[in-house]
Amino acid sequence: MKLKILIVIAIIIALVLALIGVVVKQNYISERTSSFRVNIATTTSLYQTGLINDLLENFRDWLRNQTGVNVEFSILAKGSGEALRLLADGSACIGFTHAPPLEYQYMSQGLIERLMIFAYNEFIIVGPRSDPAKVSEASDAVDAFKRIYAAGEKGLAKFVSRGDMSGTNVRELQLWKLAGLNPEGEQWYLKSSQGMAQTLLMAENLGAYTLTDKGTYLSLVKQGRLRDLTVLLEDPKHLLNVYSIYISTSPYCSNPEVYFIALKLKIYLSHEGQELIESRYSGLFNPVDDREEMLLSAWKTLSRLG
Amino acid sequence: MTESIYDLTLRSIYISSTAAALSFILALIIALKMLDSSVKTRSIVIGVFEALVGVPTTVVGLLMYILLYPRGPLGVLRLLYTPIAIIIGESLVALPIAFISIFRHLQNARDNVRELILALGLPRKNERSLLLRETAPVLISSYLTSFSRAIGELGVALIAGGGIEGYTNVLTTAIALQTSIGNYEYAIQIGCVLIAITMLIIIPLRMLGERVYGA
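Each protein sequence line maps, in turn, to chains H and E.
Note that the working numbering has the first sequence beginning at 43, numbered continuously upward.
Note that the working numbering has the second sequence beginning at 1191, numbered continuously upward.
Rather than coming from a laboratory, the hints here were simulated on the basis of the structure.
In this text, a Cβ means the ideal position worked out from N, Cα and C, and glycines have one as well.
A few of these clues could be false.
[Unchecked claim] Some but not every residue of chain E turned toward chain H, in silico, with C-beta under 8 angstroms:
(1) 1200
(2) 1207
(3) 1259
(4) 1269
(5) 1322
(6) 1326
(7) 1327
(8) 1355
(9) 1378
(10) 1382
[Claimed, not checked] Partner residues are not named here, just some residues of chain H that face chain E (Cβ under 8 angstroms, in silico):
(11) 48
(12) 62
(13) 117
(14) 130
(15) 235
Modelling step: build the complete structure from the supplied sequences, incorporating the hints.
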């Protein structure tokens, strides 16, 4: 009697598992392995705003129409620091990042090569409406950081840092350096160790200042998630945010398929991709157009500030 | 852009039930070996597994990454960012807790089984099969423990699986990704599904198991 029930249970469990396995295998596994797959590491701001999915989907259709080649992308949404590490390891072959000093470091080690700069926007300093540090009256971003530091020391203001070596975090550290200050370990200097959106929500809840890319901030505002946090300072000179695409030089990425995809991606992003950014993401991201020289020299300056 | 909860759920169940089955079989083999070993080895092995129960899943995830990334020792297998990578990693995550739970059940039942064999005058070689038959219902609960450990872990799925939409994204990585882009509401919905699944699967099976065991 006991044994019979047991056997029945065992058979039911086995059947259910087998059924699920078959369904999943057919629907989710096999189709993936049949076409060529490229791992893409991307910074979270491009993922958050939906730009990366949009661009790659569009590119896939474009490629299929043009050449009949089918490609699948595996999108790994990480901070720029982790994304570059994945490129260096060859775990991902193509990367979208925005951290010039780190990119420069990996490039000079010969681990990655730049395909192109494909978009830019600005970082902005956001903070509570009451603005206790008077950041909105600052002359530039460096001055703003000095004001936040002074107010922080007096216990009037807080600052939330990403603290994760993402593009935004790298820029923030550059600004502290330019201001000649080191907030590390101060009570008012908090590290979120999380993505930009979570960091913004944290700043909103704490009434704190933070540095953010414009895209993530605006997409959260559009969703109605930020009530108190407002843009206090824009400074195109210090806060230019340059998005570039890199290809890994790892031997694990140096096969003809990857080069082919990278080449086509570059062609696509120089024309159709730029139009897509212009038409669907105006305000969040700017297409490069003919400002390539300017952006490249800005990138060079930024990469050596770290 | 975001995947449907249905797809996520199916993929999650498939991956974690396979991982749980792997760890269950492995743990059962080790536990049966341990029953016959000396007290000293036994206490060392149990101590090691007990210490491993609390290892952060992120550490296991990093370990899997180091093993599987292209230049790693197992890089040629090209398993990084595939469901198989998650299955292996999660079975490692669930192994210690599966072992401890299985071993405890076997040890508790063994004396009874020995008495039974003596009383019925059965040959000694029947001990193992009788032991397994006696403990089967509670062993199901050991399997479920490792299943819930596997389905609820994040570190391995995120680092070795990558959370790739339509491919390796499972419930926990979807929660992490949606949280990271500030979509807290959707993340909570997925979280509720996760809790519901573990309850729906575990409670009925445990009740069945107990009824059989108590009969």
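Each hint, compared with the structure:
With a cut of 8 angstroms, the hint placing residue 1200 (chain E) at the interface with chain H holds, because the nearest CB-to-CB distance is about 5 angstroms. Contact between residue 1207 (chain E) and chain H, as hinted, is supported at the beta carbon level, the nearest pair being about 5 angstroms apart and thus within 8 angstroms. The beta carbon of residue 1259 (chain E) comes within 5 angstroms of a beta carbon in chain H, closer than 8 angstroms, and the hint placing it at the interface holds. The criterion of a C-beta within 8 angstroms of any C-beta in chain H is not met by residue 1269 (chain E), whose closest approach is roughly 11 angstroms, and the hint is violated.
A hinted interface residue such as residue 1322 (chain E) counts as satisfied when its beta carbon comes closer than 8 angstroms to some beta carbon of chain H; here the least separation is about 11 angstroms, so the hint is violated. For residue 1326 (chain E), the interface hint holds, since its Cβ comes within 8 angstroms of a Cβ in chain H; the closest pair sits about 5 angstroms apart. Residue-level restraint check for residue 1327 (chain E) holds (minimum Cβ-Cβ distance to chain H is 7 angstroms; threshold 8 angstroms). Hint status for residue 1355 (chain E): holds, given a least beta-carbon distance of 7 angstroms to chain H, under 8 angstroms.
Using the Cβ-Cβ criterion of 8 angstroms, the hint placing residue 1378 (chain E) at the interface with chain H is not satisfied: the shortest such distance is roughly 14 angstroms. Contact between residue 1382 (chain E) and chain H, as hinted, is not supported at the beta carbon level, the nearest pair being about 20 angstroms apart and thus beyond 8 angstroms. Taking 8 angstroms as the C-beta contact cut-off toward chain E, the hint placing residue 48 (chain H) at the interface holds, the least distance being around 5 angstroms. The criterion of a C-beta within 8 angstroms of any C-beta in chain E is met by residue 62 (chain H), whose closest approach is roughly 5 angstroms, and the hint holds.
For the restraint placing residue 117 (chain H) at the interface with chain E, the shortest Cβ-Cβ distance is roughly 6 angstroms, inside the 8 angstroms limit, so the hint holds. With 8 angstroms as the threshold, the beta carbon of residue 130 (chain H) stays out of range of chain E, its nearest partner Cβ sitting at about 10 angstroms, so the hint is violated. Restraint check, residue 235 (chain H) versus chain E: the minimum CB separation of about 11 angstroms is more than 8 angstroms; hint violated.
Of the numbered hints listed earlier, those contradicted by the structure are 4, 5, 9, 10, 14, 15.
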